[in-house]
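Chemist: Based on the hints, put chain P in the right spot on chain A.
Protein chains: 2
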Amino acid sequence: MLFNLCIFLIFPIAVQGIKESDLAPNILNFEYAVRGPIVSRALELKSQLKEGADLPFEEIIFCNIGNPQALGQKPITYYRQVLSGILNPGIVPSLPEDVQDRVQETLDATSGSIGAYTHSQGLLKIREDVAEFILERDGYSADPNNIFLTDGASSGVKALMSAFLHKPNHGVLIPIPQYPLYTATLSMLGAKAVPYYLNEAGNWSLDMESMRAAYAKAVAEGIDVIAVVIINPGNPTGNCLGEEDLIELVQFSEENNVMLLADEVYQKNVYNPDMTFISAKQVVRDLNSSLPLVSFHSTSKGLIGECGLRGGYFELTNFPMKIRDHLYRLASVSLCPNTIGQIATGLMVRGPSPEGESYPLFQTERKQIYDALKRKAAIVSSKLNEIDGVDCQNVDGALYAFPQITLPDGFIAAAKAAKMQPDTFFCMNLLEKTGIVTVSGSGFSQVKGTYHLRLTILPPEDKIPNMLTRFEDFFKTFVNGFDSAESKDEL
Amino acid sequence: MLFNLCIFLIFPIAVQGIKESDLAPNILNFEYAVRGPIVSRALELKSQLKEGADLPFEEIIFCNIGNPQALGQKPITYYRQVLSGILNPGIVPSLPEDVQDRVQETLDATSGSIGAYTHSQGLLKIREDVAEFILERDGYSADPNNIFLTDGASSGVKALMSAFLHKPNHGVLIPIPQYPLYTATLSMLGAKAVPYYLNEAGNWSLDMESMRAAYAKAVAEGIDVIAVVIINPGNPTGNCLGEEDLIELVQFSEENNVMLLADEVYQKNVYNPDMTFISAKQVVRDLNSSLPLVSFHSTSKGLIGECGLRGGYFELTNFPMKIRDHLYRLASVSLCPNTIGQIATGLMVRGPSPEGESYPLFQTERKQIYDALKRKAAIVSSKLNEIDGVDCQNVDGALYAFPQITLPDGFIAAAKAAKMQPDTFFCMNLLEKTGIVTVSGSGFSQVKGTYHLRLTILPPEDKIPNMLTRFEDFFKTFVNGFDSAESKDEL
Chain A
37 MLFNLCIFLI FPIAVQGIKE SDLAPNILNF EYAVRGPIVS RALELKSQLK
87 EGADLPFEEI IFCNIGNPQA LGQKPITYYR QVLSGILNPG IVPSLPEDVQ
137 DRVQETLDAT SGSIGAYTHS QGLLKIREDV AEFILERDGY SADPNNIFLT
187 DGASSGVKAL MSAFLHKPNH GVLIPIPQYP LYTATLSMLG AKAVPYYLNE
237 AGNWSLDMES MRAAYAKAVA EGIDVIAVVI INPGNPTGNC LGEEDLIELV
287 QFSEENNVML LADEVYQKNV YNPDMTFISA KQVVRDLNSS LPLVSFHSTS
337 KGLIGECGLR GGYFELTNFP MKIRDHLYRL ASVSLCPNTI GQIATGLMVR
387 GPSPEGESYP LFQTERKQIY DALKRKAAIV SSKLNEIDGV DCQNVDGALY
437 AFPQITLPDG FIAAAKAAKM QPDTFFCMNL LEKTGIVTVS GSGFSQVKGT
487 YHLRLTILPP EDKIPNMLTR FEDFFKTFVN GFDSAESKDE L
Chain P
37 MLFNLCIFLI FPIAVQGIKE SDLAPNILNF EYAVRGPIVS RALELKSQLK
87 EGADLPFEEI IFCNIGNPQA LGQKPITYYR QVLSGILNPG IVPSLPEDVQ
137 DRVQETLDAT SGSIGAYTHS QGLLKIREDV AEFILERDGY SADPNNIFLT
187 DGASSGVKAL MSAFLHKPNH GVLIPIPQYP LYTATLSMLG AKAVPYYLNE
237 AGNWSLDMES MRAAYAKAVA EGIDVIAVVI INPGNPTGNC LGEEDLIELV
287 QFSEENNVML LADEVYQKNV YNPDMTFISA KQVVRDLNSS LPLVSFHSTS
337 KGLIGECGLR GGYFELTNFP MKIRDHLYRL ASVSLCPNTI GQIATGLMVR
387 GPSPEGESYP LFQTERKQIY DALKRKAAIV SSKLNEIDGV DCQNVDGALY
437 AFPQITLPDG FIAAAKAAKM QPDTFFCMNL LEKTGIVTVS GSGFSQVKGT
487 YHLRLTILPP EDKIPNMLTR FEDFFKTFVN GFDSAESKDE L
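Sequence order for the protein chains is A and P.
Numbering-wise, the numbering used here comes out as the position in the first sequence, counting from 1, plus 36.
Numbering-wise, the numbering used here comes out as the position in the second sequence, counting from 1, plus 36.
Hint data in this document are derived by calculation from the structure and do not stem from the laboratory.
Since no wrong hints were added, every one of them can be taken at face value.
The list cannot tell twin chains apart, which means a pair is met if one copy fits it or any two copies do.
Quick list of in silico lysine-lysine cross-link-like pairs, DSSO-like style, CA-CA up to 30 Å:
1) K161 x K86
2) K358 x K55
3) K499 x K161
4) K403 x K110
5) K161 x K194
6) K455 x K358
7) K161 x K82
8) K203 x K358
9) K358 x K194
10) K253 x K55
11) K203 x K55
12) K82 x K358
13) K110 x K161
14) K499 x K403
All values reported here derive from a predicted model rather than from experimental measurement.
So here's chain A without its partners, still in its complex pose (with noise of 0.2 Å):
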């Protein structure tokens, strides 16, 4: 070796390195708030507390992202205890009998081991408990070959975006308010996002007029629209589609040719008592429709609130069978979802049997935890609407407020000039003070002029009233201490 360092000192070699501008172009510009500066600095500031640091708050509350169990929401014990005794034989005995059943119901479905890779598509036995779940939720049968089980939803989302797109003209039209995998997703592609905006006033609603409108300007600036997502419940805005609003969905969409990617992954988070959730995939087989839908789904939100463990799926409706196996051909090349993630979403989609010794306390905790978010998504609402400039439509579903901030000449002018959004200075501004962490309405769109943020129902019901009397108190003395005259002293 010495010889040939030798060789390397006698000879230096100009090395240029790599630079930022090596990067693919589509990838420099993306937006991802939902994991952003804010939340950087909220990181920062959490360390400071650890070390002792004096800051006018005690603790950080991460109200930026749906993470029920960073926010303290328990696991349900029948799932982690089938999960545990997936991977640990040992431990078997020890657990009640319908889980131990369950756990080797499952292994027996795997190829010997929870440790091997499984089919591409995640194993059989999950993928027909998944279609026997939409057959019970829709009324029409569900193939397990048209179901890909996933890496959570957002690894399905971007694998079926990809597929699809894949010239510059090609586009989506995307709801505003939108979730930012979508418009990150699309940029990192090389497509374009085609926005429709949802209706504020009436809580944020499908407005197809406006979805007609943004479809059509696109056609005539040369887009090719090639699919249309629908997040419902929605994410951000908390609302359901109601039945009238899917079936002219379908219609425009079928009339265009134009696929329906929808995201359903709040399909259980549906708190208004006057609203249910309705699958794209029950409307589109009511109407007999041959659009194709995709429905994506996933182990993280719902009652389950399993995140970290990645699992989901999605369905394919109206697929031609040569495109599902060119799609199973791109999941081979990643060979197959993680088993942990595909056991939750197969336990999610099927709990205990109600005869089981597991069910009642299994019933319980769903009970507790639906509850929970029921009366969490109405006081967060009715209390922001307490406070003067704050705007905000009901939580009828999901897991998120998106309240509209009325923000002071002044504080707009200082936010310009500390070069922020002035929803983004707000939402800065919001956490050096109280510790609250937000994502700011510019990382979701939203109709220009207007300000917004977003905001999680996630923490602790006992810690609400307390973060949302700071949240008044900050908007009542720093946001509307602000006017226009003395903008720039202030700061």
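Modeler: Chain P only, in chain A's frame:
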């Protein structure tokens, strides 16, 4: 709804639906032989066997993929105990004390639960453990901020390649034979595979002349070569790169400003006592080189063999912070790698402490796995070499033999008549006659006019002699039974 249905029926819509030609052209054509038609046929035969079909064999032996636990390798007890305890606190008191400590230590590193999303690069504590492992291995420190935990190595490779390959004339030097992840990913990205040939006669050693020639030819053709891939130990070749080779490779890469992608997932799978694994990182540091290097590792191989859990990491060396930040932002769109895979990665790089109660069993289990792999590597290659028409290099490392097979003209003619590559025709018939599932050399690429196949050394030791006897019989009677004159009749 009835009303809407009526509207729908009155105005039927002309639907085009979705067609194969709507897919991105880049994904239509790549091959992924490790999970191709031979495996599909094997799954069919497997279910026929289950239903009692009369076939010329009693079981299917899946030698097509490095999937240790599907072929009977037992998971390591300590790893599984820790994982089960992390998922289910209820069983922790029944676990050995050092396992309990590791469970607590791991949970302390999360934001309260393993069911929560983590940092998008993975839990810091685990990245610190990976950095420590790298330091011990190479003698050079590693920065946890340069480490990204991933869902297996494949997802890391795809993320890295998609970040840098964005023009049709971008190319990557790929060893031939190669693991098809690389050509498949390049094909999906619309970039070029620039093949360099390993030297089969020299036990698949690196042939820098071939690499230089391949590079020069690619440059002459207008290809912008962005990176070079090495797989060390080799897949499918089983070779281990020596220090001299690695030094020359690093110098070549640096000279030509080509980033080095080092697939080092088999770093613990070296069986030849005269060889040790030398990391690309160590050579880069030894040479004080500023070559940008990415090294990939995985929980799927080594002695851990936890393919299903999808754990792994990559380490960036000599990458500017700005690029790392972009890669973090890219990772954040998928939120985080699965937490169980993260913890499995942490366990892979740091087992139980030698003082702990779990250590003796842990050491015994690892030794059993390693010794068995070493014996199997030797048996498979020597037994294959006893067969007339089969020539197999030593399996110095990794999990595969990649023998060259000499096929009679009549056999080649028969393959052509069946519209198959000769080696694919070989593997398909091998499956039909013996139940042994292998992958043909054409799935990995090979020198034109030569034929190979890949089979894992993983089947249980007691099954290998019989399996190789069946292989030999197949070769003697079926393959060598062909001659040019009667090939058409034989089919």
